[in-house]
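Given only the sequences and the hints, what does the whole structure look like? Please build it.
These protein sequence lines are chains A and B, in that order. The working numbering applies: residue 1 is where the first sequence begins, and numbers increase by one. The working numbering applies: residue 1 is where the second sequence begins, and numbers increase by one.
The set of hints was computed from the structure by calculation and includes no laboratory data. In this text, all values refer to a predicted model and were calculated from it rather than measured experimentally. Watch out, some of these pointers could steer you wrong.
Restricting the straight-line Cα-Cα distance to at most 30 angstroms, the calculated cross-link-like pairs of lysine-lysine (DSBU-like) are [what the hints assert, rightly or not]:
#1 B:Lys15 - A:Lys42
#2 B:Lys57 - B:Lys11
#3 B:Lys17 - B:Lys57
#4 A:Lys42 - B:Lys11
From the structure, some residues in chain B lie toward chain A, with a derived Cβ separation under 10 angstroms [claimed, not checked]:
#5 Gly3
#6 Val4
#7 Arg22
Each residue gets a CB set at the ideal place from its N, CA and C atoms; glycine is no exception.
So the chains spell out like this:
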Amino acid sequence: KQEVTQIPAALSVPEGENLVLNCSFTDSAIYNLQWFRQDPGKGLTSLLLIQSSQREQTSGRLNASLDKSSGRSTLYIAASQPGDSATYLCAVFTGTASKLTFGTGTRLQVTL
Amino acid sequence: GAGVSQSPSNKVTEKGKDVELRCDPISGHTALYWYRQSLGQGLEFLIYFQGNSAPDKSGLPSDRFSAERTGGSVSTLTIQRTQQEDSAVYLCASSLVPGPNEQFFGPGTRLTVL
Numbered sequence: 001k002q003e004v005t006q007i008p009a010a011l012s013v014p015e016g017e018n019l020v021l022n023c024s025f026t027d028s029a030i031y032n033l034q035w036f037r038q039d040p041g042k043g044l045t046s047l048l049l050i051q052s053s054q055r056e057q058t059s060g061r062l063n064a065s066l067d068k069s070s071g072r073s074t075l076y077i078a079a080s081q082p083g084d085s086a087t088y089l090c091a092v093f094t095g096t097a098s099k100l101t102f103g104t105g106t107r108l109q110v111t112l
Numbered sequence: 001g002a003g004v005s006q007s008p009s010n011k012v013t014e015k016g017k018d019v020e021l022r023c024d025p026i027s028g029h030t031a032l033y034w035y036r037q038s039l040g041q042g043l044e045f046l047i048y049f050q051g052n053s054a055p056d057k058s059g060l061p062s063d064r065f066s067a068e069r070t071g072g073s074v075s076t077l078t079i080q081r082t083q084q085e086d087s088a089v090y091l092c093a094s095s096l097v098p099g100p101n102e103q104f105f106g107p108g109t110r111l112t113v114l
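Here it is, written out as structure tokens:
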């Protein structure tokens, strides 16, 4: 059974800092990995999708990497801003089950 | 274009009542998913409609939960005889085709069972 873990559970950083969020998964037989952001009381917004054959994806100040063999992904946020404050979730689409398995999320607070 | 929409945004009900939650996927998306997000449980898969194939109901927690998708578009999740532990945010997502493709989520329905 696929299990997805995110570390840290919560993170507070001052504005302008670069930061890394971590995601690990137990079953490396994945098709892809997706990073989402969730604002309080809202649904999920897709940030980046990395296919299993890719090593990284970039969108603006966000960069996500994937090391499938070791079961790890990182989300790098450059020059953080207060508007980046949200919960970040990673999810993997595993070959044996046609659905996403989600991590428990990292709650990010960027302070002025 | 329009994203995934869900209604109602909030629902408060009494224990034992039935509720219906609605999801309108992105137009043209053939795959539709329901997830549940509860405190302390994270986000868990409930059911998956994959085009014209039989739905994957493996995530439904009990036989009080059912879902249908009429005409390959709108979906309704029904919870019968609601219990307090059913209180959660119910999220719907759609993707263009079934399989490992990017999923787009709706804003969710917050269900509170008193």
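Do the hints match the structure? See the list:
| no. | hint | result |
| --- | --- | --- |
| 1 | B:Lys15 - A:Lys42 | holds (25 angstroms) |
| 2 | B:Lys57 - B:Lys11 | holds (23 angstroms) |
| 3 | B:Lys17 - B:Lys57 | holds (22 angstroms) |
| 4 | A:Lys42 - B:Lys11 | holds (15 angstroms) |
| 5 | Gly3 | holds (9 angstroms) |
| 6 | Val4 | holds (8 angstroms) |
| 7 | Arg22 | violated (14 angstroms) |
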